[in-house]
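Asker: Below are the chains, spelled out letter by letter.
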Amino acid sequence: MSSYALSFWLAGVALEGTILARALVVGWFKKCPFFFGYLASVFVQDVFFLAVYSFKFKYYKPIYWYAEFFSLLMGCGVTWEIFRLILGRYPGAGRMARNVLAIVLLMVLTKGLAGAWNGDIPWTATMVELERNLRAIQALSLIVLALLIAYYRVPLGRFAKGIFAGYGIFIATMVMTLTLRASIGQAFQAAWVFVQPHCYAASLGIWCVALWSGERFPVEQSQSKIEEDYQSLALLTKRSLIQAREFLGRAIRP
Amino acid sequence: MSGTLTLLAIGFLLIALLVYLLRRRGSEEADVPWLRDEDLAIPSAHSEDHRKEQLDRIFGGEDWEFIRRSTSRRVQQLFLKERKGIALSWLSRLRSEARTGMHLHVARVRASQELAPLAELRLAIDYYAFQAKCGLIAAILLLGGPMALRNMVGQAESLSNNLRGMLEAALKPEAFSQRTRIR
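Chain order of the listed sequences is W and G.
So for the first sequence, my numbering puts the first residue at 1; every next one is plus one.
So for the second sequence, my numbering puts the first residue at 1001; every next one is plus one.
It should be emphasised that the hints constitute simulated quantities derived from the structure, not laboratory data.
Wrong hints could be hidden among the right ones.
Claimed, not checked - Just so you have them, the derived chain W footprint on chain G, three or more residues with Cβ under 8 Å: (1) 1007–1017; (2) 1061–1075; (3) 1115–1126.
No experiment lies behind these values; they were computed from the predicted model shown.
Ideal Cβ positions, reconstructed from N, Cα and C, are used throughout, including at glycine.
Bound-form chain G, shown alone (with noise of 0.2 Å):
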C-alpha cells in the first residue's frame, strides 16, 4: 500500500513541477529577468548612513519610551502599530537582499564546471536556513511588536552589511577569481 501511494505520490509531484515550470514567468528569456541592474544596485555610504539610522529609529527605544511616558494608550497601539509594519518591510528588503545574492551565485555557478556539489547543497542549506530564521523573526515581530527585538539594532546592521559585501563583491567578476577565462 505504502508502495502504491509512493508512486502515486512520484506522479503527481512530477505534474505539479511541470505545472510550475510552466507557469514560471520569463522563463523563454534567454538570460535571468530577475537580475535587473536595479535589483543589484549597491547603497552608496550616504545612503548607509542613512540606513543605520533608519535601523536604529526601527528597533530602538527612545521614540517608544518617549511616546509611553507623554501619550495616551490608543496613540501607544497606533506607534506600535506603525513601527511593527515598518520593521516587517525591512525584514523583507532584507530577505530580498539575500535572495537577490543567492540568485547571482546560482546564475553564475549554473554554467561553471567547476561546481562542486556538496559544496551547493551545503550552501542551499544555509540559505534556507536564514530564510527560515527571517521568517522566525518576522513571527516574533508579529507576535511582539519591534519592541520586542530592540536588542536587534546592531546585529541587523551587521548583517545588511554583509549581505551588501556579499552582492558588492558578486557584482565584481574579477573579485572572485584570479584565473577568469572565456568560454
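Pulled out of the complex, with its shape left as it was, chain W reads as follows (with noise of 0.2 Å):
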C-alpha cells in the first residue's frame, strides 16, 4: 500500500472517528441509530482492515466482501432511516414515498425475476454484480425520496440535508463505480481502487460539515395546522387545473 493511500485510509478513520465522537457527545445514537451504528461498524471495519491488511493480507479479500454486505445490510436500514427523518413530519408524503416506493420494487423485481428465469441476468454471478444490484436498489429508493421532497417542497434541516446527500452520494458513487467494474472487469479494478476511497472521504467530508453545525435535532413535533379534508382539497385543485386545461384549449383552437 502506499502512503497516500494509507494515509488517505487513516484520514477516513479520524473522520468516522471525529464523527462518531460528536454523535457520542450529543447524543445523537439515540435519534439515529442506523446511521450512527452504520458509521460505528464502518469505523471498526476500517481499524480492523488495516491490521488484516498489515499482517494477515491473504485474509483480506474474503473479510472484506463479508464486511462489505454487512454495511449493505446496515445500508438498508440507513436508507430507511433517511425516509423516516425527512418524511416523519409529513404522513402524507410519506404514504406516498412508500406507494411509489412499492411500484418501483416491484418493477425491479419482476424485472430481475424474468431476467434469472430466462437466464438473462446472472444476478449472482459474481459479488460485484449482486453488491451493484443492491446498492441499485437503494439508489433508486433515494431517488423516489428526492423527487417527493422536491414535489411536495419538504423542507429539510441541515442536519437531514447532510446525511441524506452524504449517503446519496456514497451509494450514486458506488452503483456506477461497481457498474463500470462489473463491465469493464479487471482493466477497472485500479481506478475502481482509487476512486472508491475518495468518494466515500467525500460523503465523510459533506456528515462532517453537516452535522458540525450548531442545528437543533429535527424533533418530531407535531404540526399545530389544520388539517384539511384531502378529498375535498385535492378534488377542488383538480377541477380548477382540468377547467383552466380547457380554457387554454380552447384558446388555441383555431
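Make the complex out of the two chains shown on their own, each in a separate frame, by following the hints.
Answerer: If you want it as C-alpha cells, here you go:
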C-alpha cells in the first residue's frame, strides 16, 4: 500500500472517529441509531482491515466481502432512517413515498425474476454484481425520496440534508463504480481502488460539515396546523386545473 | 450494455437530484418560503373589473384595427411588438397563479394522512398538462403575436377567475372541510 493510500485510509478513520465522538457527546445515537450504527461499524471495519491488510493480507479479500455485505444490510437501515427522518413529519408525502417505492421495487423484482428465469441476468454471478444490484435498489429508493422532496417542497434541516446528501452521493458513486467494475472488469480495478475511497471521503466530508453545525436535532414535533379534508382539497384543485386546461385548449383552437 | 447504461443513469440521476436539493433555496427553513402573503393576495372586485379591461385590451381587436387603418407600417410593427410583450407577461402571471395554487395544495396535503396517491398522480398530470398548454400558447404568441389569439379573451377571463377561485378557496381552510381536526 502506498503512503498516499495509507494516509487516506487513516484520514477516513479519523473523520469517522470525529463524527462518532460528536454523536456520542450530543446524543445522536438514540435519534439515528441506524446511521450512526452504520458509521460505527464502518469505523471498526476500517481499523480491523488496516490490521488485516498489514499483518494477514491473505484473509483480506474474503473478509472484505463479508464486511461489505454487512455494511450493505446496515445501509438498508440507513435508507429507511433517511426516509423516516425527512418524511416523518409529513405523513401524506410519506404515504406517497411508500406507494411509489412499492411500485418501483415490484418492477425491479419482476425484471430481476424475469431475467433470472430466462437466464439473461445472472443476478449473483459475482459479488460485485450482487452488491451493485442491491446498491442500485437503494439508489432507486433515494431517487424516489428526492423526487418527492422536490415535488412536495418538504423542508430539509441541515442535519437531514447532510445525512441524505452524504449517503446519496456515496450510494450513487458506488453504483457507478461497481457498474463500471462489473462491466469493464479487471481493467477498471486500479481506477476503482482509487475512486471508491475518494467518493467515500467526500461523503464523510459532507457529514462532518453538516453535522458540525449548531442546529438543534429536528424533533418530530406535531404541526399545529389544521389538517384539511384531503378529498375536498384534491377535488377542488383538480377541477380547477382541468377547467383551466380546457380553457387553454379552446384558446389555441383556430 | 443497456443494463450498464441504466445503472450509470441511476447514479447520475441521484447525484443530479441531490445537487438540485442542496442548491434549493430556503430548504432549511421550517415553513414554505414560497407561500408569502403577498403571493396569495386575492384580487378584489375592483381589480377584477380592471383585469377584465386589461384582457380586452391585450387581446381585443379594436386597437389593432385602429392602428392598422390609420398608422404607418413601422408603428404597426411597434404596436404588435409591445402587445406581444404584454400578452406574454399576462400569460406568465397566469402560470404563476396556477403554480402558487398547486404549491398551496401540496403544502397542505403533504401532511395529510388522507392523501390518495392515485388522485395526487392525476392532479400532477393535470397540472403539468396545464403548464404545457400555457407553454404552447406562449409559443403561439411568440410566433403569431397576440392577434393570433384574439378569440382568447373570454376564455382567458374564465381561466383567470377559475384560478382565482381556487386560491380563494384554498386560503379558507374551513371551506375545504366539514370535519377539521388539530393534529
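Asker: How does the stretch 1061–1075 of chain G fare against chain W when you require at least three residues with a CB closer than 8 Å, holds or violated?
Answerer: violated (count 0)
Asker: Has the stretch 1115–1126 of chain G got at least three residues whose CB is nearer than 8 Å to a CB belonging to chain W?
Answerer: It holds: at least three residues are needed, and the stretch 1115–1126 of chain G offers 9 whose Cβ sits within less than 8 Å of chain W.
Asker: Report holds or violated for chain W covering the stretch 1007–1017 of chain G, Cβ cut-off 8 Å, minimum 3 residues.
Answerer: holds (count 9)
Going down the numbered hints, you'll see the structure goes against just number 2.
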